[in-house]
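**Student:** Each protein sequence line maps, in turn, to chains A and B. The working numbering applies: residue 1 is where the first sequence begins, and numbers increase by one. The working numbering applies: residue 586 is where the second sequence begins, and numbers increase by one.
Keep in mind that the hints were calculated from the coordinates and are not lab data. There may be inaccurate statements among the hints.
What the hints assert, rightly or not - Which residues of chain B face chain A? A partial, calculated answer using Cβ under 7 Å:
#1 Val688
#2 Thr741
#3 Gly869
Stated by the list, open to error - Mimicking EDC-like on lysine to aspartate or glutamate, the simulated pairs with C-alpha atoms at most 16 Å apart in a straight line are:
#4 Lys731(B) <-> Glu575(A)
#5 Lys709(B) <-> Glu687(B)
#6 Lys656(B) <-> Glu692(B)
#7 Lys835(B) <-> Glu687(B)
#8 Lys761(B) <-> Asp737(B)
#9 Lys876(B) <-> Asp597(B)
#10 Lys126(A) <-> Glu692(B)
#11 Lys656(B) <-> Glu704(B)
#12 Lys126(A) <-> Asp695(B)
Just so you know, these numbers come straight off a predicted model, no measurement behind them. All residues carry an ideal CB built from backbone N, CA and C; glycine is no exception.
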Amino acid sequence: MSAWSVALPVILGGIATLAIYSFLVKENPFYRFFEHLYIGIATGFGIVFGVQRFLWPELLGPMLGYDREVCADGSFDRPWRSWYLLYLLPFAFGTLYYFIYSKKRQWLSRVVIAWSLGVSGGFAVKGFFAQYMPQIIGSFKPLVAVQTVERNLLLSFRDVADHLPPNAQVAKGRIDLFRLGPSYVRLVIKDKDGALSELSGQVTDVNDDPKEGSLTLLVNNEERKVPSADIVLREDQPPPRDVADACEGHGGEHDYFAYRLLRSWDPKRANWTYRRHIPDTGPGSREALATALRAADPAARVKAVEETLDTRLGPVEVGLVNGLDPKDEQQVAAALSALLRWQPEDYAPAAENNAGIPLLVSEKAVVRDVYRAEKWTTNKREPVGVKTCELSPETLRSWFDRPETDLGVVLQRKGGAGGSFLHRFASSANPDAARRPKLVIGYFLPGEKESKELVLQNGQNGYSGAAEAVTVSGLDVPAPMGPEFLLGASARKVTGGLSLDFWSFKGMVANWIFAITLICVMTYFLFSFEHNRPGIYQASMAGRWLMMLCFGAFFGSTIMARMALLVERLQFLIEKWLPTLFGQG
Amino acid sequence: MANLTDFLGKLDRRAIYVTVLLALILPLVRHWALPPADMQSARKFYDAVEVLPTDDSGIVLIAVDWGPGTKAENEPQTEVLIEHLMRRRVHFALITTVTEAEVFLRELPDRVARRLNVENPREKWEYGKDWVNFGYRPGLTAMIQKIATAPDLRQTLGMDARGTPLTDVPCMRNIKNIRNIRMLAHFTGLTNMLDYWLQFFQTSDYRPPMVHGCTSITIPEAYIYLDSGQLMGLHEGIAGAAAHSWLLTKQYKDRAPDSAIVTNTALAVAHVVIIVLIVLGNLGMVLAMRKAASRPSGSPSEEGNA
Chain A
1 MSAWSVALPV ILGGIATLAI YSFLVKENPF YRFFEHLYIG IATGFGIVFG
51 VQRFLWPELL GPMLGYDREV CADGSFDRPW RSWYLLYLLP FAFGTLYYFI
101 YSKKRQWLSR VVIAWSLGVS GGFAVKGFFA QYMPQIIGSF KPLVAVQTVE
151 RNLLLSFRDV ADHLPPNAQV AKGRIDLFRL GPSYVRLVIK DKDGALSELS
201 GQVTDVNDDP KEGSLTLLVN NEERKVPSAD IVLREDQPPP RDVADACEGH
251 GGEHDYFAYR LLRSWDPKRA NWTYRRHIPD TGPGSREALA TALRAADPAA
301 RVKAVEETLD TRLGPVEVGL VNGLDPKDEQ QVAAALSALL RWQPEDYAPA
351 AENNAGIPLL VSEKAVVRDV YRAEKWTTNK REPVGVKTCE LSPETLRSWF
401 DRPETDLGVV LQRKGGAGGS FLHRFASSAN PDAARRPKLV IGYFLPGEKE
451 SKELVLQNGQ NGYSGAAEAV TVSGLDVPAP MGPEFLLGAS ARKVTGGLSL
501 DFWSFKGMVA NWIFAITLIC VMTYFLFSFE HNRPGIYQAS MAGRWLMMLC
551 FGAFFGSTIM ARMALLVERL QFLIEKWLPT LFGQG
Chain B
586 MANLTDFLGK LDRRAIYVTV LLALILPLVR HWALPPADMQ SARKFYDAVE
636 VLPTDDSGIV LIAVDWGPGT KAENEPQTEV LIEHLMRRRV HFALITTVTE
686 AEVFLRELPD RVARRLNVEN PREKWEYGKD WVNFGYRPGL TAMIQKIATA
736 PDLRQTLGMD ARGTPLTDVP CMRNIKNIRN IRMLAHFTGL TNMLDYWLQF
786 FQTSDYRPPM VHGCTSITIP EAYIYLDSGQ LMGLHEGIAG AAAHSWLLTK
836 QYKDRAPDSA IVTNTALAVA HVVIIVLIVL GNLGMVLAMR KAASRPSGSP
886 SEEGNA
């Protein structure tokens, strides 16, 4: 790129800018020329865009059949659809707008305008409620802070409790007790450094020590003292219709704890978003896996991958294994990397097509019952033996090595929400037979009756593709322990609102300011009575002052925006334009 | 004191302009990168991105409704979000209802991907796999509603900006409808544009979490939506982008300061200079008033020179 090709556009831009600014001195031809030039360019640009991006691809192309692909033999990929000609009706109706230039038939344009206004009115009514109702609701804020820091903590945990299963209990009035009952929880939490992670397990007791800024949790009967931090609960997600929807909405992650929570909660409130904390560096990280997969020595590579896998496969992990040849080291590496949600550099579309079937692996899951099925029917099941084993990466790998399984593995929570997932991927309803799993693992939740057996059946909606089913029961999942799992005292909900802390003193002051400002400004604009009465006069004057303060803030923001624009231009000139112009770019 | 009063009273305003200009240029030339203020709204934005799932069954929709007029503020905001999503391997799609924005839909992700590739030579970020460009879409409210209610987004939108059918784009493979849009990020300097997305980008039972980046001028308008919970996070002008960028720098130690931080530093220095000048101006006025008051009555006032 020559220096002039860089310099010219900027110089022209500078001249145009100065020309427009010259209006500040007085109206002049120099200004007018560039003003018209700008309008002309914008109009031309708009016309080309309108034709190129809308008229042709959305209207004319389909109507004339030019949106079809021509095959090698000269035929089209699909027939021309004559009903596209119906587009002519709204098209013709819209062109009535141009009668605005006709003195005689101007009324025709008014029909279109009336139509547009009607549609806009309809949109406006719909949009009004969507836009303003949350604000109206959000305007009702408490003006009295009813609690101290400790009360705040209690309320925070009440917020948490609102999202817990019905059997969760909160001891009212006692700050140091927060009983969840036999439920497992999984909290997305944020520590003091802002790192997000999770805490999972059976939390049975919480003791707070405000002086030390820490909490003592009884997680899985083990006492843990953790520093204060924020608990992040997501309430922004819409309520899932049911558990299956929720799980599928979370990317098909068959997360044991999420199942437990989502199944138990009121569906209207089951809105958690969760993610596994994956370290960015160190053992188990994406970086470590990438390094491992590039080790020159195959044995070292496998070892490194296994180490990474062992680190990363916590009590629950979601990944995918499908269409995998266990003897193909590259494929195993690719699958494992996908399992760990890492995209390999030599990402191949073929491998990509194999993705999509999640697998839940639990280190401590006990496999007790194994059924082998040759021909599964609804009425006939043939237990082939009982097997107890640890479901670990090694177990998984041993399953991979079996020649009779095609390594399609899907996990189904028996009798639960996994059904729809299994239906989607594993049943004969899935036309892609290659993606149907050959091995199906079912599991129970702790405490559930093990009466529901996994039934593989032929026929409609049957899991006829599966050659084998493994029932996993008695999941014994310990809470992941480690420094990254923290639970904090200053719990809060992420709703995006500034009134997150509206129960606090600071929030109370803010709410009072809001209320006073509202009343004063309304008084200023209320002309139904004279403003010279005592109280009214002061309030209206205060309203005027408060408005001026507000306008000041607006003006300050405007200055800020303009200066930012100037800085950006200066930055461009200094860092890009000048070095390129002088051959240093 | 008299000299100071005279100096302040006769200070040429062009000297002030030059001083402010120097205050803006100096940080850019010296590549100063001061830590920005920790903004709660930007931290919420950051958190909202941090908790997004990284699987391929969802996507973040980024509405780039800005043009060259507000590039200074909206570009760093969009860029820092794109970088955050790329680093987390969250797939995203770019769309605009503003014709002038189309060039940025192409340039921004490419630029960020190149920067990340330099930082992480072992990893790749590619069009189609990590992001997709829906391009400019006319129709505004009708288009927004069309996307929101589409039974199959890929069929409704048809092709990406490069003319590839969306059904062939890898990162769109599992994207079906609005429920697969995990978050809507909207950036604009235009008034009302945010309203359209707030009003119409939803169905009766689902509204994706929304984050927003606005210019400094429209911060007061955008704040109400943050307060009501309709926005999950907000980039308040260039300062918001810088705060988000700083959080990324804390998380990714090798990350070089980006334009948001540098611009924000220049702004901060200029603001300090302006504040000092305001203080000096007021000081000069007070001194001049005192001088005039101490003078015997009948002598000409110098107040007008202040």
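**Student:** The structure should be examined with respect to each hint, and the outcome stated for every one.
**Tutor:** Hints and how they fare:
no. : hint                    : result
1   : Val688                  : 11 Å, violated
2   : Thr741                  : 11 Å, violated
3   : Gly869                  : 21 Å, violated
4   : Lys731(B) <-> Glu575(A) : 42 Å, violated
5   : Lys709(B) <-> Glu687(B) : 24 Å, violated
6   : Lys656(B) <-> Glu692(B) : 13 Å, holds
7   : Lys835(B) <-> Glu687(B) : 32 Å, violated
8   : Lys761(B) <-> Asp737(B) : 5 Å, holds
9   : Lys876(B) <-> Asp597(B) : 20 Å, violated
10  : Lys126(A) <-> Glu692(B) : 36 Å, violated
11  : Lys656(B) <-> Glu704(B) : 25 Å, violated
12  : Lys126(A) <-> Asp695(B) : 38 Å, violated
Of the numbered hints stated above, those contradicted by the structure are hints 1, 2, 3, 4, 5, 7, 9, 10, 11, 12, listed in ascending order.
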